[in-house]
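Quick note, the sequences are listed as chains A and B, same order. Residue numbers are given in the working numbering: position 48 of the first sequence equals residue 48, and the series is strictly consecutive. Residue numbers are given in the working numbering: position 111 of the second sequence equals residue 111, and the series is strictly consecutive.
Hints listed in this document are in silico derivations from the structure and should not be mistaken for laboratory results. Misleading hints may appear alongside valid ones.
To be verified - From chain A, some residues computed to sit far from chain B (all C-beta separations above 12 Å):
#1 Arg13
#2 Asp46
#3 Ala47
#4 Asp54
Said to hold, decoys possible - Here are the simulated lysine-lysine pairs, DSSO-like style, with alpha carbons at most 27 Å apart:
#5 Lys90/B with Lys102/B
#6 Lys242/B with Lys42/A
#7 Lys42/A with Lys102/B
Please read these numbers as outputs of a predicted model, since none were measured by experiment. Think of the CB as a built atom: it goes at the ideal place given N, C-alpha and C, for glycine as much as any other residue.
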Amino acid sequence: MKIVVNGEAAEIRAATLAGLIAELGYADAVVATALNGAMVRKAKRDATPIVAGDRVEILAPMQGG
Amino acid sequence: MDAMSPTTSMSPTTSTTAADPVEFYGTRVNSRLLLGTAQYPSPAILAEAIRASAAEIVTVSLRRESGVAKAGQPLAGQSFWQLIRDLGVKVLPNTAGCKTVKEAVTTAEMARELFDTPWIKLEVIGEDDTLQPDVFGLVEAARILCRDGFQVFPYTTDDLIVADKLIAAGCEVLMPWGAPIGSGRGLNNPYGLRSMRAHFPRIPLVVDAGVGVPSHAAAAMELGYDAVLLNTAVAKAGDPVKMARAFALAIEAGREGFRADPMEARDMAAPSTPVMGQAHFG
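One chain only, chain B, in its complex shape (with noise of 0.2 Å):
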């Protein structure tokens, strides 16, 4: 019986997951998959998801606190925090909806008093059709935070020379996007994630926005991507518990791939059945 004993089983996930941590400014987590938390069909099912996908790392934002305080009955945000709080994980705060870089600064410095944290998700929105980041005020935004002391999660676009601007100017992570938020599209130019890849190959690199199915997340691990930033894909699912066990184990597959050291596409077949030995019945 001793060798089924836990320390000897070869669960996959617990094998895997817990001897490839990944730190972002020091901080090490064992799970590669950040998950936002809007857009739940309800708290309850925003916590069973944040459970089923062992994530470490929530995204949270601040907004207007509405309503009137009464007696016995929590305001909104009062409420949400405590659900956060409750589920120990960490909480990375962002800038979303964020347009000049004097709003996503003063931001910043809100989120991190309310949330007790340096770490900002830094997004300057340059566009509302597509959201993409205005990366000019981004370089800005996170020169002035970084000075501050932030520790500075960039929203950024796959192009190399704002990537070097942004470590330039203090970052120690970036998140290029995969595609628009929300959209769901996965990848749109891995060639372009691929490359910032190798351009930064010990910067921490997240795959931010746009996934919409496991197998994207899983196809940005296998480029190599340290993790992946997502909300829209869980939250918006049918059952969003399922879905955040389906990107959990996504993501770990993916990871693994990538660590196995995968083997070179080629154009022309190649027979995996050794051809020596085949018999001939002509």
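Same shape as in the complex, but just chain A (with noise of 0.2 Å):
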């Protein structure tokens, strides 16, 4: 299905949230996530189903002043 993930066009297989940061390769990465400007936490990440037009916003730790 098609979604957006951080700002992209992307084209998942993932029907949660947890699956698709597997799906990305983030499964070990230390990321905080938001569903259509909500955040989601960690421990919710199962629970939550992705649908297509979703938008997804996958944040790391960054460099800021």
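Put the complex together from the two separate chains, hints included.
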């Protein structure tokens, strides 16, 4: 299905947010996630379904001032 | 030789910093320099600059993880995070770039989970050219976050009424700007900063943004500010490591100057050498 990940169109197979994180290779990474503008805690990713058209943000620690 | 033992030596660095900690939300640190982690020439120079600065708190951000994870190749965000963890410093995540209350609050929530800290440097930016805080959005976001258990470090202006409202919202630290972020202009309004210090004698105050050279940081400390937060001045120096140390020294010197109760300035000269007893050769 087609969704948007970090602002870019993506074709994915996963049905949940946790599945998406694994599919993208971020399973072991320190990341925070949001779905359609609202944060989804790590513990809730398994139970969070992904549907076509969803917008997912996957954020990581970065340099900042 | 006993007189020269480490406990009795007069090292200015150890004797002053150890005795003069600053506290943010109950967390005590000895360094009054908070250092940003962006724009350094390399991760190695960033690490060395943090060590040279002796900063115990560094600011970090959250950004989209980029690239495709490949075996044996760490993602950019992950290797940065490993570097910071290895340095053993406390992190102060920011909401840099957020322009709405919703963006800032959501970013703060994500930062709390990602970095496992209730601390958040709250930025709600109102205008692109000056990166001036949107103080209305800032107060609203601070109210929401404080109610939710965050310990908010608001990036604000030197406006006293805004400061009052931030404190009423639950902020126990205020971080007024010296000048626009990244401008290196120093303290644009020393009068405003001095007023703020006088109005809020018990709130930890941090000059955040606009500092360009060590004397700017020393000036902030001489005004009685509790700490200085800076990034570009170190990261964009020709020698960031040397500049990090220069800022550490300047902040310590400024702090000691403040604690030493400076003399009052006056308009006319006053001879420092005694006039009494001066010979007359006329």
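Is the hinted pair Lys242/B and Lys42/A satisfied, with a Cα-Cα distance of at most 27 Å? 41 Å, violated
Report holds if the minimum CB distance from Ala47/A to chain B is greater than 12 Å, and violated otherwise. Its Cβ never comes within 12 Å of chain B, the nearest being 16 Å, so this holds.
Non-interface claim for Asp54/A versus chain B (Cβ beyond 12 Å): Non-interface label on Asp54/A holds, nearest chain B Cβ at 16 Å vs cutoff 12 Å.
Given hint Lys102/B paired with Lys90/B - CA-CA distance at most 27 Å: 26 Å, holds
Under the criterion that the straight-line Cα-Cα distance not exceed 27 Å, is the pair Lys42/A, Lys102/B satisfied? Roughly 20 Å between the alpha carbons, so the hint for Lys42/A and Lys102/B holds.
Could you let me know if the closest chain B CB is still more than 12 Å away from the CB of Arg13/A? Its Cβ never comes within 12 Å of chain B, the nearest being 16 Å, so this holds.
Holds or violated: is the Cβ of Asp46/A farther than 12 Å from all Cβ atoms of chain B? 15 Å, holds
Of the numbered hints given earlier, the model fails hint 6 alone.
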